[in-house]
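In order, the protein sequence lines correspond to chains A and B.
All letters in the first sequence, in the order written, are residues 1 to 116 by my numbering.
All letters in the second sequence, in the order written, are residues 1001 to 1115 by my numbering.
Hints may contain errors.
[Said to hold, decoys possible] With beta-carbon atoms standing in for the labels, derived distance ranges:
no., chain 1, residue 1, chain 2, residue 2, range
1, B, E1066, A, S66, 36 to 46 Å
2, A, R41, B, Q1071, 44 to 54 Å
3, A, Q99, B, I1060, 11 to 21 Å
4, A, T114, B, Q1071, 24 to 34 Å
5, B, S1070, A, S27, 24 to 34 Å
6, B, S1070, A, N71, 39 to 49 Å
[As the list claims (entries may be wrong)] Straight line, CA to CA, 35 Å or less: simulated DSBU-like cross-link-like pairs of lysine-lysine:
no., chain 1, residue 1, chain 2, residue 2
7, B, K1068, A, K68
8, A, K78, A, K68
9, A, K78, B, K1068
10, B, K1061, B, K1049
11, B, K1049, A, K78
12, A, K24, A, K78
13, B, K1049, A, K68
14, B, K1068, B, K1049
15, A, K68, A, K24
Treat the hints as calculated values from the structure; they're not laboratory data.
Since we're looking at a predicted model, the values are computed, not measured.
We put the CB at the ideal spot given by N, CA and C, even for glycine.
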Amino acid sequence: DAGVIQSPRHEVTEMGQEVTLRCKPISGHNSLFWYRQTMMRGLELLIYFNNNVPIDDSGMPEDRFSAKMPNASFSTLKIQPSEPRDSAVYFCASTISGQGLRYGYTFGSGTRLTVV
Amino acid sequence: AQSVTQPDIHITVSEGASLELRCNYSYGATPYLFWYVQSPGQGLQLLLKYFSGDTLVQGIKGFEAEFKRSQSSFNLRKPSVHWSDAAEYFCAVGAGSGGYNKLIFGAGTRLAVHP
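Looking at chain B on its own, in the form it has when it is part of the complex (with noise of 0.2 Å):
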């Protein structure tokens, strides 16, 4: 069965650190895979997707992430940490076939950002 991980529930870093956020998956096939980032009392909002091609993808808000498939990961990276990150990110994995889809979600990490 397909399923996310996320291992770290909680992650703290100072403002203009270096930041990644680790996400495995258990996936049969080539997965789809995504980053959403929830603001406190927001939806999800997408900030990066990968589904084939080049396995470092670049999103919104600086955002990156690279596909790995020797190791089932697709890690969550930024250079520089702004205090306006903070937030909560979920990776997720599309499953699915012949128009049939869902996304499956890790349960979440959640970033703070100290001054």
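Chain A extracted, bound-state conformation (with noise of 0.2 Å):
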């Protein structure tokens, strides 16, 4: 298995700009989470998806965020307009419906967004 796939890695944008992050999750998981990592906040839970389905999105900091996951296979998060305090890592997380809590969850390599 190729495990929980993030694109890009690396992103750079000035500020202003549309950013979109990607995500693809292990086949056959149905539950899928967005991250964001910064030093002052750590990791903080964005939004999670089951079966396709948004369920919680209390953690979006705000309407420049959204998510979607038009399918089981793969996911976006998209920033407009981005601002210089987005700059973050992003991980997209993803484990099976009713097994997160006793398997815990596989997480992508991230993705490192700079907005300038």
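Assembling the complex is the task here: the two chains are given apart, and the hints tell you how they should meet.
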């Protein structure tokens, strides 16, 4: 299994531009999570999908952030417009619904976003 | 509300020395507990987990952790540290029910290993 695949690995963009981060979960996993990691705030859960449906987006910082999961094998996290304070590492993780607490999540390698 | 506290932000040990990383949690029910490791520029890798049974759990890379309900702790240990263990370590508690669950992470402990 190729694991959770995120792209791009690194993204540098100018303030005000739209940024799209991508994630392919492990085949067969039906729960997907987006996390953001910063020095100041650590790992924050942004949004959680179950069977392609957003279940909890209470962690999304503001309306500039949006996430979609059009099918079981693909999800995007979009920031529009981007701001320097959005600079962080964004992780995607997946698991099997109902088993996440028993087996934990599998994380991707992350996307390091820098907004200048 | 559920929370995880890792009291030590940075720890430095000598190669070959023993290691203990502390983790305290706050959760009303029986917790599901995890330790993850993150090497520089990498994602998080699961080291070990606890959800029931024996309170001493073994993980990968020679790590173990002990669940102590009375102390609300889940400390990670390794008897002899290798230079390759230098990384950041995260403790997490699993929360939720009815198929909806999420992991809440501590702030992490960065481990440095001196030769």
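Here is how each hint holds up against the structure:
Checked against the hint of 36 to 46 Å, the C-beta distance between E1066 of chain B and S66 of chain A comes to roughly 42 Å, which is consistent with it. Evaluation of the 44 to 54 Å hint for R41 of chain A and Q1071 of chain B yields a failure: the beta carbon distance comes to about 27 Å. Checked against the hint of 11 to 21 Å, the pair Q99 of chain A and I1060 of chain B passes, with Cβ atoms roughly 19 Å apart. Against the hinted window of 24 to 34 Å, the Cβ-Cβ separation of T114 of chain A and Q1071 of chain B comes to about 41 Å, which falls outside the hint.
The beta-carbon spacing between S1070 of chain B and S27 of chain A, approximately 42 Å, falls outside the hinted interval of 24 to 34 Å. In this structure, S1070 of chain B and N71 of chain A meet the distance hint of 39 to 49 Å, their C-beta atoms being roughly 47 Å apart. Note on K1068 of chain B and K68 of chain A: the hinted pairing is violated, with a Cα-Cα distance of about 40 Å set against a maximum of 35 Å. Taking the CA atoms of K78 of chain A and K68 of chain A, the gap is about 8 Å. The hint holds against a cut of 35 Å.
As the CA atoms of K78 of chain A and K1068 of chain B are separated by approximately 41 Å, the hinted pair breaks the 35 Å bound. Between K1061 of chain B and K1049 of chain B the CA atoms are separated by roughly 14 Å; this keeps the pair inside 35 Å, and the hint holds. Between the alpha carbons of K1049 of chain B and K78 of chain A the distance comes to roughly 32 Å, so the proposed pair stays at or under 35 Å and holds. For the hint pairing K24 of chain A with K78 of chain A, the CA-to-CA distance comes to about 15 Å; that is within 35 Å, so the pair holds.
Pair hint K1049 of chain B plus K68 of chain A holds up; C-alpha atoms about 30 Å apart against a cutoff of 35 Å. About 14 Å separates the Cα atoms of K1068 of chain B and K1049 of chain B, which keeps this hinted pair within 35 Å; it holds. Between K68 of chain A and K24 of chain A, the direct Cα distance comes to roughly 12 Å. Compliance with the 35 Å bound is thereby established for this hinted pair.
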